[in-house]
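Protein chains: 4
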Amino acid sequence: MSANWGNNIELSLFGESHGEAIGIVIGHLPAGVRLDMEQIHWHMKRRAPGQNKMSTPRQEKDEVHIVSGIQDGITTGAPICAMIYNSNSHSKDYSELKVNMRPGHSDYPAYVKYHGYNDVRGGGHFSGRLTAPLVFAGSIARQILLQKGIRIGAHIKSIHDIQDTSFSVDIDESLLNQLSSKMYPTLDEQAFIKMQDEIEKARMAQDSVGGMIECAIINMPAGIGNPFFDSVEAHLSPLLFSIPAVKSVSFGSGEKITQMYGHEANDAYYYQGEHVKTKTNHNGGITGGITNGMPIVFQVGIKPTPSISKLQDTINVQTKTNTQIQVKGRHDPCIVPRAVVVVESMAALAILDMLG
Amino acid sequence: MSANWGNNIELSLFGESHGEAIGIVIGHLPAGVRLDMEQIHWHMKRRAPGQNKMSTPRQEKDEVHIVSGIQDGITTGAPICAMIYNSNSHSKDYSELKVNMRPGHSDYPAYVKYHGYNDVRGGGHFSGRLTAPLVFAGSIARQILLQKGIRIGAHIKSIHDIQDTSFSVDIDESLLNQLSSKMYPTLDEQAFIKMQDEIEKARMAQDSVGGMIECAIINMPAGIGNPFFDSVEAHLSPLLFSIPAVKSVSFGSGEKITQMYGHEANDAYYYQGEHVKTKTNHNGGITGGITNGMPIVFQVGIKPTPSISKLQDTINVQTKTNTQIQVKGRHDPCIVPRAVVVVESMAALAILDMLG
Amino acid sequence: MSANWGNNIELSLFGESHGEAIGIVIGHLPAGVRLDMEQIHWHMKRRAPGQNKMSTPRQEKDEVHIVSGIQDGITTGAPICAMIYNSNSHSKDYSELKVNMRPGHSDYPAYVKYHGYNDVRGGGHFSGRLTAPLVFAGSIARQILLQKGIRIGAHIKSIHDIQDTSFSVDIDESLLNQLSSKMYPTLDEQAFIKMQDEIEKARMAQDSVGGMIECAIINMPAGIGNPFFDSVEAHLSPLLFSIPAVKSVSFGSGEKITQMYGHEANDAYYYQGEHVKTKTNHNGGITGGITNGMPIVFQVGIKPTPSISKLQDTINVQTKTNTQIQVKGRHDPCIVPRAVVVVESMAALAILDMLG
Amino acid sequence: MSANWGNNIELSLFGESHGEAIGIVIGHLPAGVRLDMEQIHWHMKRRAPGQNKMSTPRQEKDEVHIVSGIQDGITTGAPICAMIYNSNSHSKDYSELKVNMRPGHSDYPAYVKYHGYNDVRGGGHFSGRLTAPLVFAGSIARQILLQKGIRIGAHIKSIHDIQDTSFSVDIDESLLNQLSSKMYPTLDEQAFIKMQDEIEKARMAQDSVGGMIECAIINMPAGIGNPFFDSVEAHLSPLLFSIPAVKSVSFGSGEKITQMYGHEANDAYYYQGEHVKTKTNHNGGITGGITNGMPIVFQVGIKPTPSISKLQDTINVQTKTNTQIQVKGRHDPCIVPRAVVVVESMAALAILDMLG
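Chains as they are written, first to last, in the numbering used here: chain A, 6 to 361; chain B, 6 to 361; chain C, 6 to 361; chain D, 6 to 361.
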């Protein structure tokens, strides 16, 4: 399926970067949920562009316009349709984009798939802008999860080769709250200063950098998920890989677990009072595809922004010749900071869907 | 969903490690496909246990018994049900497994989810043995893909800290054929010798090791996949994460791409005659969620086998006290070699499903 | 699922009768389809209210506003979002509707399901108005089908106890074109005159009537559909039962076939030149759940409009007492004529989805 | 999808009439359900052939062999695979069936769809025998529903032109129990005697008859179901149309409601103590697609058995000429009595799936 997702909640995403609007339909949410619009605005703002020199100067207020499913700020149980109008899309000549394929972008695969009929303006339906309605949906999802005590938070784990520390075994609510209140959340306060330098260096070189995001979900009940095709990992991963530029997803200690011995990788259980805990959490709160009650921890790897001003080799599909391209326009030298809330949102949607 | 998967083909997996049989129902395959049973037997053998000291001494012939959907060796178009009888399961006392939770296994999450009613003998439905019917299904899928020229092959990328080299940009059919003909495929012939030592060292220490597998799919047409929720990455990853012990999935250069600059990560296009190619393949044949015609390349990370004979701390869920456990029985000190064909099989099933 | 439907194409329906707008997201349509907007307007007009005294006097132009997925009148392959703004909804006091449940409507079940949070204005999300975006989607679907030669048309089979004749075994394109060009299509031109009288009689009595619609799909290739869970009947019926007020669906000769003998009900095959035909079509073009190449024929039964001005017994869910209600507002004494194009649209969507 | 069904529970059906076995995989059932095997045997017996001259003389014990998912008679939460071995299939020459298409059967559509590779022996995967595993699954589903107080029962509403009475508004448990305890359940005890004569008359004439079945589900909570694509009607109907030979499905008063006036068709609510009831139940317990707490009532129409010994006109697809066929073998002159428990089973599965 291309545009729809979900078993219990349902998402249908639509719109193009330079069309009238982008939006989402969210089905099957419970009725009677009073939405905290301030929270939603804050999450939208964390993703919105144009807030500093690290992100694209395109100024979009990303104001969510609710069409259906909410009355007096409370969900009615009917599908919620929310739109974000594209107010600040530059009119310009897109004829070059139709024929010269930008490396690292969807341009060429989409050209083949849609026989040249896809909207190429600003990336069309493939634009990272489409994550804005996903953050809106995720913000609602995390409000519903919070009523069950489940809380989600993420930090920038790395930018290029600059590393933040990792989550420890115990992750408390105050830490996640603190992370969610920052525009550039890192566990080590100093880490982001170095990261910022790295991003600035790339920007000055008309280049871009990527990085990793680590996310935690706490207060998950044990026993959620299924063996095989609908394990927690199998349920979360498609949503995480739906985020443009994500190229890797790993759980717990991720790739590092492949270099451990069994006696290290096995998280030993113990009773803390009546509660079952593990001494380490290399499995990220999931064994056999099912939650064990420890925090769900995962990492996503994000590639450097493909839009760079540097001259690049490519092809012209009209003339069928090799050529070069210089991608103009407003780019983020690094989308990792803006992607943090997108990752949290996807996690919230996946978990809410699994809870049924 | 727990037991079913697929949009165009359909999988339904069933059975327990020490029950009568394990099996699979495969729906919606085309009629008229003449199956190469020798290929199927070879793929089953690559996964089967008991072939040397690196794997569990449990001797299972893993003979596939076909119940329906095939007549005179040709698919009829009706669902194929295939069973593998459990001939060599040891009868023993499983009462300890009911109460003492093995670390790193599904035991505790399953205990919570199924209220203690799950079959614990040999891991029950969670057993790695359930991958045998998946290899059968995958072997059929790759035969159908081969009719379209699409070929799949994988190698052991690492065991513990011993690394094989990686696929180069061009991957030809003969290389994949060569890899698929080996029980322990590596690109660097010397690498497996060191890996074998590492596995033996772990076995002697009553411990276990994990590793990574790198897989390639060649001759994929460009234009397959969708933006967002059904990207190639989003479609492959749930099947890959359905393989027990897989904790990470990454595409192309995977986590390494997060440390590249944009001008490196962007794979530059060029025409080779009429064919569109890229000079590098850091994106693993997928941009914007859609294939670009280059080989699809991905890695999966597999944790060390959780079953180890070393004494481990854990809990007794009946007495609700802390205790220790020594996991007896026949274990693989490393499941990575046997998992290679499972990874290839899952890739074949996901790709066949996407081709519709 | 509540709001989404489809395997190959995808529908996501949203909006409320008296909210800002109603709309639909249609995913996975092929790129490059040039839409005939005049056809779409004609189909929308056939469903639109306010065209004569048989239908509700609510004047809605039902103009479709396209938000995404179409550029220069051609599909781009990205999801199409289309909205219909609610221009003519009367502001009034809906407090009675919140507590006094209208018989025959969704009011009481929705009150229980949504704990009283559902939008009750004009029926909210349950309004028959939601069929307008479905007609838009269906109109696109039938244009795509027409490129394959497949054509759909329906007639009013009965209103109350006034019967039209039935389709004969052969149904040609000109007949279906003729039916689709009428606002009140019947096979017997005289039948609708009597039907009109019947509707008028009900209107004058502050009452309402229902009826049946018979629909045909011609030039269907043989071999479409599947045994059991995705038979043509199983695939069409959920969409047909999704039309508000539909209470029965039958194929071929429908309930009449239960009173035939086997030798009558079995449609005998014969070759007409190279073409396989049947002498009768009691099975409606489907045996074993799969098309046989004859016209698919089916009937839907539509109950009388539940909104009537007559005084009716009901309950007040707030005071938990028995009471009476007089449903005010603008009602159709019979929705069958406007439902004809809705039935055709649902058929088009179901068939397009099955063709993959 | 062809072989799989379900959102919360999951069905995967397999097997051929004259293959080794037929069977089903049932996923996502709750763990810890102790199965009443006597009930299952009784339901299987109600469907089994060979019990008298009204049904095919093929003697099949239809013994269910459980492969997985049940331990000590209790569900484990893992998928249940159940098989029924085909013990009494006659070996004979099926070469005529390969080329001469039986009218009213799947033969010709399947020939086209599967390019002649489908198993034609005894109807292969299309055989009515495939309903046996569905009755097994349904029998488990109704045991789970019974724990919630929900009870299902059906009666033969008509055979050819002989009618039974219909359910009244109130349907109590004892009536449904009584119906379920009979092999030939009718409300009017005399009705079946006449029906039996009608069946016998058809049998003597080498012909067959069909009929209707009316089914009720009582003690359903109000508020189950959804508007539009997953209404109760939309959810039940695909399963009912999956039963071979079913050509119509209607709810409440079905097609009769199309001849009522609005003031008759609207079921008036009233409080009976604290309970909400309706005075009539023409809507069959469902309005707006959602249950209102009254019994769900529906009818299915079943065509006469297509296998008749009479000589019939047909085609030979090999020679591409018109020919005649006389269907030999063991046939039911009427499958309606055996279909009653199949209808109840499908209802149980659909309702259990909706309850989530």
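Hint data in this document are derived by calculation from the structure and do not stem from the laboratory.
It is possible that part of the hints are untrue.
The list treats identical chains as one, so a pair stands whether inside a single copy or across any two.
[Stated by the list, open to error] Pairs of lysine to aspartate or glutamate residues, derived as DMTMM-like cross-links and limited to a Cα-Cα distance of at most 25 Å, are as follows:
| id | residue 1 | residue 2 |
| --- | --- | --- |
| 1 | 261 | 77 |
| 2 | 103 | 279 |
| 3 | 261 | 166 |
| 4 | 153 | 98 |
| 5 | 261 | 193 |
| 6 | 261 | 318 |
| 7 | 284 | 101 |
| 8 | 153 | 279 |
| 9 | 325 | 166 |
| 10 | 66 | 41 |
| 11 | 261 | 202 |
| 12 | 325 | 175 |
| 13 | 284 | 318 |
| 14 | 153 | 175 |
| 15 | 187 | 203 |
| 16 | 261 | 212 |
| 17 | 187 | 68 |
| 18 | 187 | 98 |
| 19 | 315 | 25 |
| 20 | 66 | 25 |
| 21 | 261 | 98 |
| 22 | 325 | 212 |
| 23 | 333 | 202 |
| 24 | 282 | 178 |
| 25 | 103 | 193 |
Verification of the supplied hints:
With identical chains, the CA atoms of residue 261 and residue 77 are never at most 25 Å apart, being 49 Å at best within one copy and 42 Å at best between copies. Taking the closest pair of Cα atoms, residue 103 and residue 279 come within 25 Å of each other only across two copies (19 Å); inside a single copy the shortest separation is 62 Å, beyond that limit. Taking the closest pair of Cα atoms, residue 261 and residue 166 come within 25 Å of each other both inside a single copy (17 Å) and across two copies (10 Å). Proximity of residue 153 and residue 98 under a CA criterion of 25 Å is satisfied in neither setting, with 50 Å inside one chain copy and 36 Å between copies.
For the identical chains of this complex, residue 261 and residue 193 are neighbours both inside a copy (21 Å) and across copies (22 Å), given an alpha-carbon limit of 25 Å. Within a single copy, residue 261 and residue 318 get their C-alpha atoms only as close as 35 Å, which misses the 25 Å cut-off; across copies the closest is 22 Å, which meets it. For the homomeric pair residue 284 and residue 101, the shortest alpha-carbon distance between copies (22 Å) is at most 25 Å, but the shortest distance inside one copy (57 Å) is not. Proximity of residue 153 and residue 279 under a CA criterion of 25 Å is satisfied intra-copy only: 20 Å inside one chain copy versus 31 Å between copies.
When the C-alpha separation of residue 325 and residue 166 is checked against a cutoff of 25 Å, the pair qualifies neither within a copy, at 38 Å, nor between copies, at 45 Å. Taking identical chains as interchangeable, the C-alpha atoms of residue 66 and residue 41 lie at most 25 Å apart only when both belong to the same chain, with a minimum of 18 Å there against 36 Å between chains. For the identical chains of this complex, residue 261 and residue 202 are inter-copy neighbours only, at 20 Å across copies versus 27 Å inside a copy, given an alpha-carbon limit of 25 Å. For the identical chains of this complex, residue 325 and residue 175 are inter-copy neighbours only, at 22 Å across copies versus 56 Å inside a copy, given an alpha-carbon limit of 25 Å.
In this assembly of identical chains, the alpha carbons of residue 284 and residue 318 lie at most 25 Å apart only when taken from different copies (10 Å versus 51 Å within one copy). Taking the closest pair of Cα atoms, residue 153 and residue 175 come within 25 Å of each other only inside a single copy of the chain (19 Å); across copies the shortest separation is 40 Å, beyond that limit. Only within a single protomer do residue 187 and residue 203 lie at most 25 Å apart by alpha-carbon distance; the minimum there is 19 Å, versus 44 Å between protomers. Proximity of residue 261 to residue 212 under the C-alpha cut-off of 25 Å is restricted to the inter-copy arrangement: shortest distance 17 Å between copies versus 29 Å within a copy.
Within a single copy, residue 187 and residue 68 get their C-alpha atoms as close as 20 Å, which meets the 25 Å cut-off; across copies the closest is 45 Å, which misses it. In this assembly of identical chains, residue 187 and residue 98 lie within 25 Å of each other by CA distance neither inside one copy nor across copies; the values are 38 Å within and 45 Å between. In the homo-oligomer, the alpha carbons of residue 315 and residue 25 never lie at most 25 Å apart, since the shortest distance is 30 Å inside one protomer and 46 Å across protomers. In this assembly of identical chains, the alpha carbons of residue 66 and residue 25 lie at most 25 Å apart whether taken from the same copy (15 Å) or from different copies (22 Å).
Neither within a single protomer nor between protomers do residue 261 and residue 98 lie at most 25 Å apart by alpha-carbon distance, with minima of 47 Å and 36 Å respectively. For the identical chains of this complex, residue 325 and residue 212 are neighbours neither inside a copy (27 Å) nor across copies (57 Å), given an alpha-carbon limit of 25 Å. Proximity of residue 333 to residue 202 under the C-alpha cut-off of 25 Å is restricted to the intra-copy arrangement: shortest distance 23 Å within a copy versus 53 Å between copies. Taking identical chains as interchangeable, the C-alpha atoms of residue 282 and residue 178 lie at most 25 Å apart only when both belong to the same chain, with a minimum of 17 Å there against 48 Å between chains.
For the identical chains of this complex, residue 103 and residue 193 are neighbours neither inside a copy (44 Å) nor across copies (43 Å), given an alpha-carbon limit of 25 Å.
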